[in-house]
Every structure is written in C-alpha cells, then in structure tokens.
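Undergrad: Protein sequences appear in the order of chains D and H. Residue numbers for the first sequence follow this note's numbering, so the first one is 851 and each next one is one higher. Residue numbers for the second sequence follow this note's numbering, so the first one is 10 and each next one is one higher.
The set of hints was computed from the structure by calculation and includes no laboratory data. Do not take every clue at face value.
Said to hold, decoys possible - Label-pair restraints from in silico Cβ distances: (1) D1066/D / E23/H: 49 to 55 Å; (2) I13/H / V874/D: 46 to 52 Å; (3) D917/D / E78/H: 39 to 45 Å; (4) V874/D / L65/H: 25 to 31 Å; (5) G1097/D / P29/H: 42 to 48 Å.
Unchecked claim - Reference excerpt, derived from the structure (chain D facing chain H, CB under 10 Å, subset only): (6) V881; (7) G882; (8) E884; (9) A888; (10) H908; (11) V948; (12) Y951; (13) G966; (14) V968; (15) L1059; (16) S1061; (17) S1090; (18) Y1098; (19) P1100.
Positions of the beta carbon are idealized from the N, C-alpha and C atoms, including for glycine.
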Amino acid sequence: MDIIFTAIRGGRSGTREAFAVSSVWRVAEVVGGELENARARTIRLRVDGLMGYLAGQHIDIRLTAEDGYTAIRSYSVASASADEHLEITVDELPDGEVSPYLVRDLAVGDQLEIRGPVGGWFVWRPANANPVQLIGGGSGVVPLMSMIRSHQASSSACPFRLLYSLKSPDSSLYRDELHRLDQESAKLMVDYAYTRSTPEGWPAAPGRLTSESLLDKIFPTEENPDVFVCGQTVFVETVSDWLVMAGYPPESIKTERFGGTGGIR
Amino acid sequence: MGIISSGFRGRRSENAALPPGQHETQDFPVLTAGPAPLIPADEWEFFITAENGQRLAWSWDEFMALPQEEITEDIHCVTSWSKLRTVWRGVSVDTLFENVETTRDFATAHSFGGYTTNVPLWDLLGGKAWVAWEFDHEPLERAHGGPARLLVPHLYFWKSAKWIHGLELTEEDVPGFWESNGYHLHGNPWREERYS
C-alpha cells in the first residue's frame, strides 16, 4: 500500500521503511530473559530478518496452543534497535490469558510468532532536536526505556528527562540501569514519584502524583520539550490534562495507554 | 499453523461474535494519541462538507433535536480486545446525510484536537454508522470521545473517531492519522485489516 503522510497539527511524519513488513507473522526465538521484579519479566528475542525499528514501537505476539487455539497481544519494545534482537518487558496481569505464560512458562529456546514492530506515532527519532520529557506510570515506562536506550546509543545531544511514577522501589523496572544512567549520563536525568512506599531515607513521603509535584519534576514549557506520556488510562488522562492546563501545547504531547486489557492501545 | 507453544492453554471462547485474533473484555480501554480535548457543548458543532462548497452544520441543540436511535453493537479494537453488545445513543449518519448531494465516495472524519480518520462513504451509510453521544445510558465521557464520537462498529474502533467535529467528503481515500502511522487503510476486523 502506498502511504501518504498527513501532518496533524505539527506532528511529525512517519517513516515508510518501518512499516514495510509489519503485517507479516515471523518466528522469534527466545534467547534470554530476566525477572525485573516479582511480576515482570524482560524477554529477549531473536527475529530472523528483523530490519530495525523505531524507539517506542510495539510488536504483536501470537501464541498457539497444541489444538491450534491462538491468542494475540501487543507489547511495547523495551530495547534500542540492534541487529536481529529485540526485548519486551511483560507485566503479569493477575487474570491475564497471555502474560502469565510469558512471565512464568516461556523458556530460552522456545519459539513464538511476532508481527511488527509497528507504529509511527508514539516514537522518538534521533533526528528530533527538542528536549524530551518522558512521563511513565508503572509498566508504562517500557516504551520510554526504548527511547532512553536509543538516545544513549545515538549521537543525539538533546537532553532527556524521565519522570517515573511507581508504587514502590521493588516494583521498579530497569532499576539498576536507570540508576546508573542517571548518575553517569549527562544526557539523562531521572526523577521518581513513589505512590505507596519510598526507598529508605527518601526526602518525600509517598503519595499520589499531583499537578504541582509533576510540574516540579519536568522540563518547563519554555524549553519546548516533546512530551511522551505512557501508563494506565487514568494516569495518562490525568497527566496530559495537567500538562495542557499548565500551558504545554497539546501537539507537543504524545500519549500511549499501557497495561490492562490487551496491552497497549 | 505456526509455532506451537506447548504448555500454553489459553482461554477459549466459542463466541462466534469475536473476529479472528480478538478476545473479549468487560473493560473499556482507551486509545488516544494525545491529550483529550475539552469541548463545551455551546462550542460544539457537527459539519459535513462536500463538493461545490456545500457545508451543513448542526449546533448541539440542533443535533439533539434530530431523530435519536439506540444502538447495540459489538466493538473491536485493533489491539485485540472486543467488547460485545455495547449500548449507545446517537444520530444515524443516514439522517445527517438526508440533504447532502454528492458523488464523492470517501470521507475524512475530523475531530476536535486534529485527529483524522478516513472511511469510505459506503461504510458510513445504510444504517452502519452513527454520531453517538451516550454510552451505556450515560453521557459519553470525555476520555471516550465526549461530547460525541463517530461510531462505526463494523470497522476497527480507531475509525470511530472520538471528539468528532465533522465529515469532509473526498474523491480519493486519503489516509488519516493512524492510517498514516502504520495502520490499515480500511480496518475490517473480520479480515484482520490491522496494519498497512
């Protein structure tokens, strides 16, 4: 299909190459994985012929049971584009159909089918010159991590800032890597907002994110950041409303829902 | 058949109402690209534009005075959830087109906030599409597209544009927002027209 790119209120155009093989199911092999916390697991896949992808895209995963029954779910890619590998991080949903299998049962050497990576909107491209403000709630940090890793691997010098809202220190994803990058990288600053419990000695009490505490921890409007918000529906709606009320232009804010039924979107 | 995941059982549904690759949810997830626009009813209008400078428009009060229908339909999101037998209230697109004269075959749905999606006219007429302002007997929440959204339940739900502002009739099928970002031009769930 020929793709024509239309601008939406200053939105950036997509790229053609990223969609070329997006609708084809391909075999992926599990080549690694590690638990991020008590209920989330990162799974590393090798996909023959993977042509690279954009930071923030997602894949569909198809599981087929022995009797031919199939189930499909979408998961954000967590890694930066690198040869034939990609990583996803799956948060186990208590009554999920697919996520418990991916978190608990899937083993190295197993194969499954994937489609994508797809999506040309909630993505960061190294050519973008604006500062980038990432705002993630819970497992909504996954596609933002892909952007952070892509940014780190690129020559882009634009500053990144992540505000990570999470329940408690032990529910964190990528804890050590984010801590290390925050300390070592001049290109990334990480702020945390804990809603239930904090690390020992944390300067603030845990509590719900408020408009004031949010605005205190992000790039101000004057710096014209591109803002990416990802999390549960209520988190995304609430945060993006606060941003608009505080004067961030709606067209500078991209949102993606994450978690709950059916994964993203 | 593809790769078998031994040990994967899944949760079977014998429900013939589910298109391929879809699973049922009781939840009502939200798909958005950006912040939800806030449109007060007194600033709301719905328009249709066609060739020769035709432009019809309804204010909120005029729109509410049109014949209203109760609609019960299954909805299917491209991210693989389906919600069955959802109940809506709104105005049939057929009603809105009663005084439109056009030879054009396609429409671009425009939303407050800048979102667009393309739908062929034959998917909007003939009792297949509505402009809906009530969901489950309650006014449509802003997060779900209130005050009103397009409802085209036989296509993937991104075609049911939230915060609908109007329909621009076009000669060609011009890709809208998601259609320019990797999604299928048409979006029939029964044919799994998900991605481009």
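Undergrad: Go through the hint on V881/D and say holds or violated, using the shortest Cβ distance to chain H against 10 Å.
TA: For V881/D, the interface hint is violated, since the closest Cβ of chain H sits about 15 Å away, which is over 10 Å.
Undergrad: Using the beta carbons of D917/D and E78/H, state whether their distance is inside 39 to 45 Å or not.
TA: holds (42 Å)
Undergrad: Would the hint on A888/D stand, with a C-beta cut-off of 10 Å toward chain H?
TA: It is violated, given that the least Cβ distance between A888/D and chain H is near 21 Å, above 10 Å.
Undergrad: Quick check: does the Cβ-Cβ distance between V874/D and L65/H fall within 25 to 31 Å?
TA: Given about 43 Å between the Cβ atoms, the range is violated.
Undergrad: Against chain H, run the beta carbon of Y1098/D and see if the smallest gap drops under 10 Å.
TA: holds (9 Å)
Undergrad: Once the shortest beta carbon distance from V948/D to chain H is found, is it less than 10 Å?
TA: holds (8 Å)
Undergrad: So, as I understand it, the hint says G966/D touches chain H; can you test that by seeing if any CB pair is closer than 10 Å?
TA: G966/D check passes; min Cβ-Cβ to chain H is 8 Å, inside 10 Å.
Undergrad: Does H908/D hold up as a contact with chain H if the rule is Cβ-Cβ below 10 Å?
TA: holds (9 Å)
Undergrad: Holds or violated: the hint that S1090/D contacts chain H, with Cβ atoms closer than 10 Å.
TA: Holds. Min distance 4 Å.
Undergrad: So, S1061/D near chain H? Judge it on the closest CB pair being under 10 Å.
TA: Since chain H brings no Cβ nearer than about 14 Å to S1061/D, farther than 10 Å, the hint is violated.
Undergrad: Hint V968/D vs chain H: min CB-CB distance below 10 Å?
TA: holds (5 Å)
Undergrad: Mind checking the CB of Y951/D against every CB in chain H and telling me if the closest is under 10 Å?
TA: Status holds, d = 5 Å.
Of the numbered hints stated above, those contradicted by the structure are hints 2, 4, 6, 7, 8, 9, 15 and 16, listed in ascending order.
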